[in-house]
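Peer 1: Starting from the structure of chain A, add chain B where the hints point.
Just so you know, the sequences run in chain order A and B. So the working numbering is basically just the index in the first sequence, starting at one, shifted up by 1. So the working numbering is basically just the index in the second sequence, starting at one, shifted up by 626.
A few of these clues could be false.
As the list claims (entries may be wrong) - Derived contacts from chain B toward chain A, CB cut-off under 7 Å, selection only: (1) Leu719; (2) Ala722; (3) Asp723; (4) Thr726; (5) Arg727; (6) Ser729; (7) Leu731; (8) Thr734; (9) Asn752; (10) Tyr753; (11) Ile760; (12) Tyr762.
Hints listed in this document are in silico derivations from the structure and should not be mistaken for laboratory results. Note that the Cβ used here is the ideal one computed from N, Cα and C, for glycine as well.
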Amino acid sequence: MITYRLIQITYLFLLEIIFASTNLVAQTNNDIFSTQNRIAFGNNLFCERDYLRAIDEFKFVLKSEWNDSLQFKIATSYLRMSDYNQAYKEYQKICKNSLLYEQSQYEKLRSLFKSENYSFLNNQVDKQILNSKLNSLQILRLRNSALLLEDKTLPEKNDFVSVYVENDKTKMSEFYNWKSKPPFKSPTTAAIMSALIPGSGKIYADEIGDGITAFLLTGLFTYLSVDKFNNNHNASGWLYASLAAFFYAGNVYGSATAVQNYNAGIKFNFDSKVKLFINDRNQFLPTPKHLCN
Amino acid sequence: MKVITLIILITSNFIYSQSDWERWGKVDICYSPYSHSINEHTIEMEASVLTVLKDGYSFFISDLDGDNCPFYPTCSSFFVESVSETNILKGTLMFADRFTRDSNLFKTRKHYATHISGKLYDPIKNYLLIDSTIIYSSREELAK
Numbered sequence: 002m003i004t005y006r007l008i009q010i011t012y013l014f015l016l017e018i019i020f021a022s023t024n025l026v027a028q029t030n031n032d033i034f035s036t037q038n039r040i041a042f043g044n045n046l047f048c049e050r051d052y053l054r055a056i057d058e059f060k061f062v063l064k065s066e067w068n069d070s071l072q073f074k075i076a077t078s079y080l081r082m083s084d085y086n087q088a089y090k091e092y093q094k095i096c097k098n099s100l101l102y103e104q105s106q107y108e109k110l111r112s113l114f115k116s117e118n119y120s121f122l123n124n125q126v127d128k129q130i131l132n133s134k135l136n137s138l139q140i141l142r143l144r145n146s147a148l149l150l151e152d153k154t155l156p157e158k159n160d161f162v163s164v165y166v167e168n169d170k171t172k173m174s175e176f177y178n179w180k181s182k183p184p185f186k187s188p189t190t191a192a193i194m195s196a197l198i199p200g201s202g203k204i205y206a207d208e209i210g211d212g213i214t215a216f217l218l219t220g221l222f223t224y225l226s227v228d229k230f231n232n233n234h235n236a237s238g239w240l241y242a243s244l245a246a247f248f249y250a251g252n253v254y255g256s257a258t259a260v261q262n263y264n265a266g267i268k269f270n271f272d273s274k275v276k277l278f279i280n281d282r283n284q285f286l287p288t289p290k291h292l293c294n
Numbered sequence: 627m628k629v630i631t632l633i634i635l636i637t638s639n640f641i642y643s644q645s646d647w648e649r650w651g652k653v654d655i656c657y658s659p660y661s662h663s664i665n666e667h668t669i670e671m672e673a674s675v676l677t678v679l680k681d682g683y684s685f686f687i688s689d690l691d692g693d694n695c696p697f698y699p700t701c702s703s704f705f706v707e708s709v710s711e712t713n714i715l716k717g718t719l720m721f722a723d724r725f726t727r728d729s730n731l732f733k734t735r736k737h738y739a740t741h742i743s744g745k746l747y748d749p750i751k752n753y754l755l756i757d758s759t760i761i762y763s764s765r766e767e768l769a770k
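One chain only, chain A, in its complex shape (with noise of 0.2 Å):
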């Protein structure tokens, strides 16, 4: 009956051990932290839009050896968490001859584009026509796109939408009408108007209710006083007549401001437009396909 009992232990305890070394063996025959586990856990990771998580795992990756496309996907990376700068020194990286170069060069716009650094975005398109395979069309629509946001004068009208297609020529010719003759107002008129009339500048800036407290302040203290030196009140005829050119000359000076905010008020919201629109068509490039398969 021991025996039987000690066959039996010693029986189980075999079982155990066998069951136990195949874990084992399957786990060092399969090494969760291979390559292969990491590019597939960080696409993942890209997918899922972790991209800080992503980026680690594609670099640890390039450290061992060269991959265009998780390159391509640092990069796209960068550009999606806003990180413009950083993005455009990764596509920087992908070589000439990488399938992704092409895509990478319109992503290097994209990212200029998105930084708003026209200036660097004019300078790179005019390099990029002259000696690149990229569609030039398209990278112009976008360089004319960028001339809207900066202060800078515009081409010809017919040069400028002509590079449009149809259904965007209205829209852009629009914006260049826009552009050409902002309907800016002038800080001048509005300074003269409050100078004669007080309160009238901030009305033309589109300050209605400053303005007529402007004008019923002004007023008052003036009227006052009149009406003390009138009444031989010299000593608060002047403190009112004080009071009055305070208002006066603060209403003048605050008019010419309330226009230069005006103006900046209206160029800002023109801006934004402008962005809406061109981030609405992708900043007119392609954009990269087969990135989350």
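Peer 2: Same frame as chain A, now just chain B:
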């Protein structure tokens, strides 16, 4: 009795008012030689006089009356900062304009962005008569 009550009432204000204007803490010391032009010195003097006036206003009026200025920076800070950044004349003009906008009878303030403090954002840089310094903030986002 009335006089005693009045004295207690007046002095209690000072007892409860803030006495430690600047708390103790780490101070970054600069050892570089301190030099500035006469113009800078004049502006600093003007600003320091105004700072005393502003602190006096804060102590005697603002602290008791409450923080009623709808703008950030407040009108008194706006005055001191505008004089520091420009000169006494331009700073006073900027303040007169700000005071008029603060007194707006119709409270039409749709063109101001909201500061993170919940007040209307109205920085000095927008009133220097220099286009490039204007900070135009979107109405939808909070200015910091």
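Peer 1: So, Ser729 (chain B) near chain A? Judge it on the closest CB pair being under 7 Å.
Peer 2: 6 Å, holds
Peer 1: Let's test the interface hint: is any C-beta of chain A closer than 7 Å to that of Tyr753 (chain B)?
Peer 2: 5 Å, holds
Peer 1: Taking 7 Å as the limit, does the beta-carbon of Asp723 (chain B) come near enough to a beta-carbon in chain A?
Peer 2: Status holds, d = 3 Å.
Peer 1: Are Asn752 (chain B) and chain A close enough, Cβ to Cβ, to be under 7 Å, as the hint says?
Peer 2: 6 Å, holds
Peer 1: Hint Ala722 (chain B) vs chain A: min CB-CB distance below 7 Å?
Peer 2: Because about 2 Å separates Ala722 (chain B) from the closest Cβ in chain A, which is inside the 7 Å limit, the hint holds.
Peer 1: Given Ile760 (chain B) was flagged as interface, is its beta-carbon under 7 Å from a beta-carbon of chain A?
Peer 2: Holds, about 5 Å.
Peer 1: Grab the minimum C-beta distance from Arg727 (chain B) to chain A and call the hint holds if it beats 7 Å, violated otherwise.
Peer 2: 5 Å, holds
Peer 1: Grab the minimum C-beta distance from Leu731 (chain B) to chain A and call the hint holds if it beats 7 Å, violated otherwise.
Peer 2: Since chain A brings a Cβ to about 5 Å from Leu731 (chain B), closer than 7 Å, the hint holds.
Peer 1: Is the interface hint for Tyr762 (chain B) satisfied, with its Cβ closer than 7 Å to some Cβ of chain A?
Peer 2: 4 Å, holds
Peer 1: Given a cut of 7 Å on the nearest C-beta pair, is the interface hint for Thr726 (chain B) held or broken against chain A?
Peer 2: Holds. Min distance 5 Å.
Peer 1: Min Cβ distance, Thr734 (chain B) to chain A: is it shorter than 7 Å?
Peer 2: 3 Å, holds
Peer 1: Less than 7 Å between beta-carbons is the criterion; does Leu719 (chain B) satisfy it with respect to chain A?
Peer 2: 4 Å, holds
Hint check: no violations occur; every hint is consistent with the structure.
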